[in-house]
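**Q** Chain residues, written in single-letter form:
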Amino acid sequence: MSTLSLRGIHKSFSGNQILKGISLDAGENEFIALVGPSGCGKSTLLRILAGLESADGGEIIVGERDLSPVPAADRNIAMVFQSYALYPHLTAAQNIAVPLVMRNLTRTQRLPLIGPLMPGQRKAIANIRRDVREMAVSLKIDHLMDRKPGQMSGGQRQRVALGRAMVRRPAVFLMDEPLSNLDANLRVHARGEIVDLHRRAGVPTIYVTHDQAEALSMADRVAVMIGGALRQLASPQVIYDDPAHVEVAKFIGQPRINLFASQVGPDAIVAIGDNRLRLAETMAPGAPVTIGIRPEFVTVNRSGQHGLPARLDRVEFLGSEIILYCRLDAIGETVIAKLSPSEGSGLAAGMPVRLEFAADRLFVFAEDGRRLPSLPVGADIALEKAHG
Amino acid sequence: MNARSFTLGRAIRLFILSFGALIFLAPYIFMISTAGKAQSDIFSSSLSLIPQHLSYVANFTKALTRVSMTTLLWNGVVVCALIFVIQVAIAIPCAYAMAKLKFRAARAMMVLVMLGLLVPIHATALPIYVAFDRAALLNSYFALVAPFTISVFGIFLFLQFFRAMPDDLIHAARLDGMSETGIIARVIVPNAWPAITAFAIFSVVAHWNDLYWPLIVVSNQSYATPPLGLLYFRAAEAGDDYGALMAATLIITFPLVAAFLLAQKRFVEGITMTGLKG
Numbered sequence: 094m095s096t097l098s099l100r101g102i103h104k105s106f107s108g109n110q111i112l113k114g115i116s117l118d119a120g121e122n123e124f125i126a127l128v129g130p131s132g133c134g135k136s137t138l139l140r141i142l143a144g145l146e147s148a149d150g151g152e153i154i155v156g157e158r159d160l161s162p163v164p165a166a167d168r169n170i171a172m173v174f175q176s177y178a179l180y181p182h183l184t185a186a187q188n189i190a191v192p193l194v195m196r197n198l199t200r201t202q203r204l205p206l207i208g209p210l211m212p213g214q215r216k217a218i219a220n221i222r223r224d225v226r227e228m229a230v231s232l233k234i235d236h237l238m239d240r241k242p243g244q245m246s247g248g249q250r251q252r253v254a255l256g257r258a259m260v261r262r263p264a265v266f267l268m269d270e271p272l273s274n275l276d277a278n279l280r281v282h283a284r285g286e287i288v289d290l291h292r293r294a295g296v297p298t299i300y301v302t303h304d305q306a307e308a309l310s311m312a313d314r315v316a317v318m319i320g321g322a323l324r325q326l327a328s329p330q331v332i333y334d335d336p337a338h339v340e341v342a343k344f345i346g347q348p349r350i351n352l353f354a355s356q357v358g359p360d361a362i363v364a365i366g367d368n369r370l371r372l373a374e375t376m377a378p379g380a381p382v383t384i385g386i387r388p389e390f391v392t393v394n395r396s397g398q399h400g401l402p403a404r405l406d407r408v409e410f411l412g413s414e415i416i417l418y419c420r421l422d423a424i425g426e427t428v429i430a431k432l433s434p435s436e437g438s439g440l441a442a443g444m445p446v447r448l449e450f451a452a453d454r455l456f457v458f459a460e461d462g463r464r465l466p467s468l469p470v471g472a473d474i475a476l477e478k479a480h481g
Numbered sequence: 014m015n016a017r018s019f020t021l022g023r024a025i026r027l028f029i030l031s032f033g034a035l036i037f038l039a040p041y042i043f044m045i046s047t048a049g050k051a052q053s054d055i056f057s058s059s060l061s062l063i064p065q066h067l068s069y070v071a072n073f074t075k076a077l078t079r080v081s082m083t084t085l086l087w088n089g090v091v092v093c094a095l096i097f098v099i100q101v102a103i104a105i106p107c108a109y110a111m112a113k114l115k116f117r118a119a120r121a122m123m124v125l126v127m128l129g130l131l132v133p134i135h136a137t138a139l140p141i142y143v144a145f146d147r148a149a150l151l152n153s154y155f156a157l158v159a160p161f162t163i164s165v166f167g168i169f170l171f172l173q174f175f176r177a178m179p180d181d182l183i184h185a186a187r188l189d190g191m192s193e194t195g196i197i198a199r200v201i202v203p204n205a206w207p208a209i210t211a212f213a214i215f216s217v218v219a220h221w222n223d224l225y226w227p228l229i230v231v232s233n234q235s236y237a238t239p240p241l242g243l244l245y246f247r248a249a250e251a252g253d254d255y256g257a258l259m260a261a262t263l264i265i266t267f268p269l270v271a272a273f274l275l276a277q278k279r280f281v282e283g284i285t286m287t288g289l290k291g
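Protein chains in written order, with our numbering: chain A, 94 to 481; chain B, 14 to 291.
In case anyone wonders, no lab produced these hints; they're calculated from the structure.
There could be a bad hint or two in this list.
To be verified - Taking lysine to aspartate or glutamate and the DMTMM-like style, the derived pairs with C-alpha atoms no more than 20 Å apart in a straight line are:
| hint | chain 1 | residue 1 | chain 2 | residue 2 |
| --- | --- | --- | --- | --- |
| 1 | B | K75 | B | D254 |
| 2 | B | K115 | A | E146 |
| 3 | A | K241 | B | D181 |
| 4 | A | K113 | A | D461 |
| 5 | B | K113 | B | D181 |
| 6 | A | K113 | A | D149 |
| 7 | B | K115 | B | D181 |
| 8 | B | K115 | A | D149 |
| 9 | B | K75 | B | D54 |
| 10 | B | K113 | A | E146 |
| 11 | B | K115 | B | E193 |
| 12 | A | K343 | A | E426 |
Chain A with its partners taken away, still in its complex shape:
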């Protein structure tokens, strides 16, 4: 078993810094999803890991060994490509066999005509056949083994690509958006299969995707990359409930988090509507901050005195939930709220409403995007009142 560590990987293309010192550890058997908007450098990082691209600096440590100077062919790192990159002239069985043929046969054993005369070649080939067969059975593609990639569907090609990557038992497994060429239904189904395969293979896996749903649902830990830097590496739940950076909060979550520009008041208090938050660190009054709240923690009241007055702009019915777009009367900003259909029944565009925010779900971010720890003020007082 092996572990994977990246130490300060950086890379520039013609003066443009694409990767700004990425460090990351993946334990054996860990599934890490690398997620970020397009152009954030996640694919470049994966290519550097695979050895297809060289880093300007940094270390790639698999097990105990620094792989940075090792060529791709000798790294024992397998990768599934977005386009699958199957060899079009070979059948599925031959495609899966290629990495084994390259590794388990000697140079002379691989030669046409002469190869079969070499000692041990017959046995090595029989072993390869057996391994390919087992892999095909475990991926349920054994009936496709004689087909060429051109005669297979997208889902079948993707399985063959997975088989080719896994058959040689690599030390690290890389996937570059392997599901993005599948249709929506198949994609959700394939997620579960990939997670199962990963569990059986038991090697560190880095999975690159731009789809946050894939990242959150599949990974043990999610690494969010923004603009060439790793902004947060944590479990899916922490990434969602406790974002470390405003960019992470913005990128993760559908619909998008609500963000409001605000300022620090006296005594390091930040206020929004009826809510008041005290920052853990003291900041000069007047310093600009951003306050964020996820749509599901916005409560929409049809009447009453509490909350910020707003008007419903648009109502989107999505079956299991309703998305409301409300415009705040005071500052004209749009707030998105997510409700269950029963809570939202009878709401229509144009109605006046009042919005309340769950106090313990408000995030405060500094001007540079860093998260500022904060606590709701008055929560204890409200509690006393209720009991008193």
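Starting from the structure of chain A, add chain B where the hints point.
**A** Just chain B now, kept in the frame of chain A:
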């Protein structure tokens, strides 16, 4: 009405195409006809397509006996095959490196390839001839083959084809443990057959029919290529025996015509694929 105008348009198009084909084929047809004519027929004042006395047998016997036709054809096959095989063996790795590997000299090499495309063999013929003469290499297969082994046209054609190949395929091969030579042998060549076929047409046709270079470096009949053999035939043996000459020409052009007819579909595919026209 629609159908009628369609058939009319079709008829006109067919007529124009047939007319064009006839014009292009006329010399060849006339050659076939002349190959069957007796001496008196050829020099008669009236122009007829069908020979009055069929003398195909006589003319072909002359053509086959007076020069050693097998040597000519064999030389043609050897020279064309050697040129083609070496050209491909050099052009494919070269084009692969220029299309898919990153190295500093790539741009300079591209410029050199472009320059190479601009310089015709006629410009370099004299220096090469002098060099071969000094090295006592004239009158050999080497002299016939060597100047054409590096085909900038071939490099250019394969370069265009390889550029369209997905990078991921080569990346996958590298991760599967292949060396660069392994990638060429196991991934590039098996997927480059359309380009190789297209290049084969250009190369083989050009060198089978080439008269200029063999004329310069070969004076010994035993190394003569087919077109040069024809020249000898006319000059030394036939004189004004056009019937036999045409019969010999027919024999010499036959391999290419047969090859084209047999593999017509693949050739057309190859040429349309590379976007080049002969």
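**Q** Is the hinted pair K115 of chain B and D181 of chain B satisfied, with a Cα-Cα distance of at most 20 Å?
**A** Roughly 15 Å between the alpha carbons, so the hint for K115 of chain B and D181 of chain B holds.
**Q** Under the criterion that the straight-line Cα-Cα distance not exceed 20 Å, is the pair K241 of chain A, D181 of chain B satisfied?
**A** 18 Å, holds
**Q** Is the hinted pair K75 of chain B and D54 of chain B satisfied, with a Cα-Cα distance of at most 20 Å?
**A** 17 Å, holds
**Q** Does the structure keep K113 of chain A and D461 of chain A at a Cα separation of 20 Å or less?
**A** 17 Å, holds
**Q** With the threshold set at 20 Å, check whether the alpha-carbon distance from K115 of chain B to E146 of chain A stays at or below it.
**A** 10 Å, holds
**Q** For the pair supplied as a hint, K75 of chain B and D254 of chain B, is the alpha-carbon distance within the 20 Å limit?
**A** Holds. K75 of chain B to D254 of chain B sits at ~10 Å (cutoff 20 Å).
**Q** Within 20 Å, alpha carbon to alpha carbon, are K113 of chain B and E146 of chain A?
**A** Distance of about 13 Å is within 20 Å: holds.
**Q** Verify the proposed pairing of K113 of chain A with D149 of chain A, using a straight-line Cα cut of 20 Å.
**A** 10 Å, holds
**Q** Is the hinted pair K115 of chain B and E193 of chain B satisfied, with a Cα-Cα distance of at most 20 Å?
**A** 13 Å, holds
**Q** Given the hinted pair K113 of chain B and D181 of chain B, is their Cα-Cα distance within 20 Å?
**A** 11 Å, holds
**Q** K115 of chain B and D149 of chain A were given as a pair; does the straight-line alpha-carbon distance stay at or below 20 Å?
**A** 16 Å, holds
**Q** Holds or violated: are the alpha carbons of K343 of chain A and E426 of chain A at most 20 Å from each other?
**A** 16 Å, holds
Hint violations for this structure: none, all hints satisfied.
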